[in-house]
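Student: So you can see what is in the structure, the chains are spelled out below.
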Amino acid sequence: MIKTISYREALNLAMTQEMERDSNVFTYGLDVPDHKRIFGSTVGLVEKFGSDRCFGTPLAEDAMTGFALGSAINGMRPIHIHIRADFLMLSMNQIVNMISNFRYMTGGQLKVPIVIRAIIGRGWGQSAQHSKSLHSFFAHVPGLKVIMPTTPFDAKGLLASAIRDDNPVICLEHRWLYDIVDKVDVAPEALVPLGKPNVLQEGTDLTIVATSWMNIEALRAAEVVNKFHGKKVEVIDPRTIAPLDYKIIYESVNKTGQCIVADYDWVNCGFSAEVAARVSESCFNRLKSPVTRLGFSETPCPTTRPLENKFYPNTIDIVRQVESKLNLKPSDLSKEKFYSYENKFKGPF
Amino acid sequence: MKDRNTELYRIMYLIRMCEEKIRVHYPSDKIKTPVHLCVGLEAILAGVIFSLKPDDQVFGTYRNHGIYLAKSGNTDRFFGEIFGRLTGESKGKAGSMHLAAPEKGFMGSSAIVGTTIPLSLGCAFVNQQKKNKRCTAVFFGDGATDEGVFWESLNFACLRKLPLMFICEDNGLAIHSKISERQGYRSITNIVNQFDCHVIQSESTDPEVIADLTAKGISHIYNNHGPVFFHFKYYRYLEHVGINEDFESGYRSREEFERWKRVDPIVLQRAKLIKYGLKESFIQEIENTTIENIDKSIALASQAPFPPESDLYQDVYA
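First to last, the protein sequences are chains S and P. In terms of the numbering used here, the first sequence opens at residue 1 and continues consecutively. In terms of the numbering used here, the second sequence opens at residue 1 and continues consecutively.
Some hints could be false.
[Said to hold, decoys possible] No more than 20 Å apart at the CA atoms, straight line, and that leaves these computed lysine-lysine pairs for PhoX-like: (1) K133/P / K178/P; (2) K227/S / K325/S; (3) K133/P / K216/P; (4) K2/P / K48/S; (5) K161/P / K111/S; (6) K104/P / K111/S; (7) K227/S / K3/S; (8) K178/P / K2/P; (9) K227/S / K111/S.
Derived by calculation from the structure, the hints in this document are not laboratory data.
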């Protein structure tokens, strides 16, 4: 059953449906039931399921993350929510030393069904401590799963799959995606499997692998490149960072012979390096040029707007890279409109 | 009373002898896992776990052998794990430091100080929600109370009135650092008393005393009064990790050890059994049976197969 809803409503729907389906699912975290409801994504949960299954916590990320593990190994399915991904650093000991290892260390005696949702902030001075995505940190560690839904459809389907998964899943949600409205299969059993990339737009001339918000920039770049040069760019959203089945990405690069990875993160030792390495290993003799990587500048995220604009990779950066790789003359982009804090992409895809 | 004291003695003797046998076999290098032996700690382990129901749940630290043995009692699987064999409780992936036997209520242990404390919150929360009358107990040392996560956890347990027992095994040392070198306050029990938490403390090495105090704590929890913090003093007989004494290294004195040894839990409990009129031969039979079982388990473990290499990739994900 298809309905047109926002990304925040899609997240909310996944949680509501899963909490209805399984009474062992519960959600908690700082300010989860407050009047703002995690940018609207937890609306209605405390009213529907009560304060035993939807509650706020003290400011104690370390203990509250261990709490998730303790409840998971005793039969429940926690969803722990953080208003910013940066705050997960306070949970890192539990995530990396305990949660990721616990099944393995006990020789498979225990299951660890945990979902950790965290929001990536951007703009209006979010600055160095409210803007990180950190998906590469988590993807580095065996035992964890990491997802980054971009579309409302995937927000619903991937989050529901994550809640049903018997492993720890970290779900990273970009704040700017919350306002996107698009078609979503709202049926409770409409799941999107973890680990499978999604081709957001088909093309034949160049492959862009983009994460989270960078998909919006990549789709716009594909539009611009097509308009000025008539070239067709394929945009692939991995959706899952780890563990990921790269087959669809390899097939695409084998077809186009060109690959840009536009990651919503720093480049150094990041997911873009992983994709570039794997694509180079698997598609080496089909590549017409080395894999290109785009990501944050190698600095902390600054507060002031002109520097922040420079910090993030954008549509123009992608267009210029595509033009360079395909030996095209730089197009005149002075008349083009691009997305910004004030002009967010609202959908549909 | 006789039965209870006999059982407490049997548990403590089992724990002590398993540790002593590890000390014997460790130099052969067949046990390739760091061991944090719990010699001196037996009264606390036996007393607390004796008072728990079989389906009550416990969490431990890396000094966890006694918890495993008191909760599970399966020496075959214990030594299998210590020897890194397929017959171990966790098929060799846990070793000494991460022992667990969830089906017996031993939910897990960890080699990073303080890290199982918040797990006990989640476990206790589930039991509170399901109203299943299960208690959770989390064992940790005085070193763990230096960690922020201890205070975060204590706060949350009190806030939510969780059915949880904090068991602080205070040996006055975090590895080799004394409390006086680590803590800027005089009394942890005074501070915990300021929380909505019931505090029980003892310096006893008598497992009966510990068992009675534990039972009091459990009834406090059953009356929905929230968590209990137990502060138990004991003396670590051996080095932090390994099989040796370390009184020559200078950070503590043999005299201190000798004072505690006079109230050794095994020696005291054995004397108590004699006082209650149990025959020497009866006690010896318990001891002989215990040692025979341990020797049999060690022989089995040292002959058992190692896990196949393909096991490396098993159980990363469910």
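Student: Indicate, hint by hint, whether the structure satisfies it.
Tutor: Structure-based check of each hint:
Between K133/P and K178/P, the direct Cα distance comes to roughly 38 Å. Violation of the 20 Å bound is thereby established for this hinted pair. Between the alpha carbons of K227/S and K325/S the distance comes to roughly 17 Å, so the proposed pair stays at or under 20 Å and holds. Taking the CA atoms of K133/P and K216/P, the gap is about 15 Å. The hint holds against a cut of 20 Å. Distance restraint check for K2/P and K48/S: the Cα-Cα separation of roughly 54 Å exceeds the 20 Å cut-off, and the hinted pair is therefore not satisfied.
For the hint pairing K161/P with K111/S, the CA-to-CA distance comes to about 26 Å; that exceeds 20 Å, so the pair is violated. This hinted pair checks out: K104/P and K111/S have alpha carbons roughly 16 Å apart, not beyond 20 Å. Taking the CA atoms of K227/S and K3/S, the gap is about 31 Å. The hint is violated against a cut of 20 Å. For the given pair, K178/P sits about 39 Å from K2/P by alpha-carbon distance, which is inconsistent with the 20 Å threshold.
For the given pair, K227/S sits about 51 Å from K111/S by alpha-carbon distance, which is inconsistent with the 20 Å threshold.
Hint compliance for this structure: hints 1, 4, 5, 7, 8 and 9 are not met, and every other hint is.
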